[in-house]
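Participant: Given these sequences and hints, build the entire structure.
Numbered according to this note's numbering, the sequence shown spans residues 134 to 329.
Quick caveat, the hints were computed from the structure, so don't treat them as lab data. A virtual CB, placed ideally from N, CA and C, is assigned to each residue, including glycine. Please note that the accuracy of each hint is not assured.
[As the list claims (entries may be wrong)] Within a straight-line C-alpha distance of at most 25 Å, the following computed SDA-like cross-link-like pairs (lysine to any residue) qualify:
#1 Lys-248 - Gly-259
#2 Lys-248 - Leu-258
#3 Lys-248 - Thr-145
#4 Lys-248 - Ser-307
[To be verified] Restraint ranges, calculated between C-beta atoms of paired labels, are given here:
#5 Gly-243 - Tyr-210: 19 to 25 Å
#6 Gly-164 - Arg-271: 16 to 22 Å
#7 Tyr-208 - Met-276: 53 to 59 Å
#8 Val-203 - Gly-177: 28 to 34 Å
#9 Leu-300 - Val-151: 21 to 27 Å
#10 Ile-206 - Phe-175: 37 to 43 Å
#11 Leu-293 - Met-182: 30 to 36 Å
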Amino acid sequence: AFVPLLALGIPTSPITAVLIGALMIHGVSVGPTLVNDHPDVFWGFVASMYVGNLMLLVLNLPLVGLFVTVLRIPYAYLYPLIIMFCIIGVYEVNNSIVDVWIMLIMGVVGYALRKFDFDPAPLVLGLVIAPILEQSLRQSLIMSNGNYLIFFSRPISLALMIFSIGLLMLAAYSFILKRADWRTKLAEVEAGETET
134 AFVPLLALGI PTSPITAVLI GALMIHGVSV GPTLVNDHPD VFWGFVASMY VGNLMLLVLN
194 LPLVGLFVTV LRIPYAYLYP LIIMFCIIGV YEVNNSIVDV WIMLIMGVVG YALRKFDFDP
254 APLVLGLVIA PILEQSLRQS LIMSNGNYLI FFSRPISLAL MIFSIGLLML AAYSFILKRA
314 DWRTKLAEVE AGETET
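Facilitator: Spelled out as structure tokens, the structure:
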């Protein structure tokens, strides 16, 4: 996940998307020039991976029994404790009750997305990548004096646009097939109930 993030500036998972968002807030542009422009950040990533693996080894081997015991705590006691610690942590950052409400509302939205089988990864990626895409779109339109055909004028951009349109059509086709399959199964179940 870190190779495309650090080499190309493309997040491939929600975790790396949040990470690239945090780096952008601090003025670090992730991409091919990261090693030259911010070597401390790059080598900090590499060092943190080594330190993280060592700490996991040190903590996991002696404390595995404790982790198993924590998993045996009933969810009725565990969930309120987790929510309490989240509220305390969010409030301590800025001493703002508004941050707590934002966290609770986002928690409810995340729970609803999980219940309705929505994948949160595209949402996080969209939130992080959207400003970069908007800026690049503006730059391209300024270069072409507002002509949208600039995206189809070069071979690489034309190939990427055709590929993107093909992926969208494939996703729409599979969605239509799933709906048709769902209706067919429902009709078969209803027919079976009327026969009995």
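Participant: Next step is simple, just say for each hint if it's right about the structure.
Facilitator: Here's how the hints hold up against the structure:
| no. | hint | result |
| --- | --- | --- |
| 1 | Lys-248 - Gly-259 | holds (20 Å) |
| 2 | Lys-248 - Leu-258 | holds (20 Å) |
| 3 | Lys-248 - Thr-145 | holds (24 Å) |
| 4 | Lys-248 - Ser-307 | holds (21 Å) |
| 5 | Gly-243 - Tyr-210: 19 to 25 Å | holds (22 Å) |
| 6 | Gly-164 - Arg-271: 16 to 22 Å | holds (18 Å) |
| 7 | Tyr-208 - Met-276: 53 to 59 Å | holds (55 Å) |
| 8 | Val-203 - Gly-177: 28 to 34 Å | holds (31 Å) |
| 9 | Leu-300 - Val-151: 21 to 27 Å | holds (24 Å) |
| 10 | Ile-206 - Phe-175: 37 to 43 Å | holds (40 Å) |
| 11 | Leu-293 - Met-182: 30 to 36 Å | holds (31 Å) |
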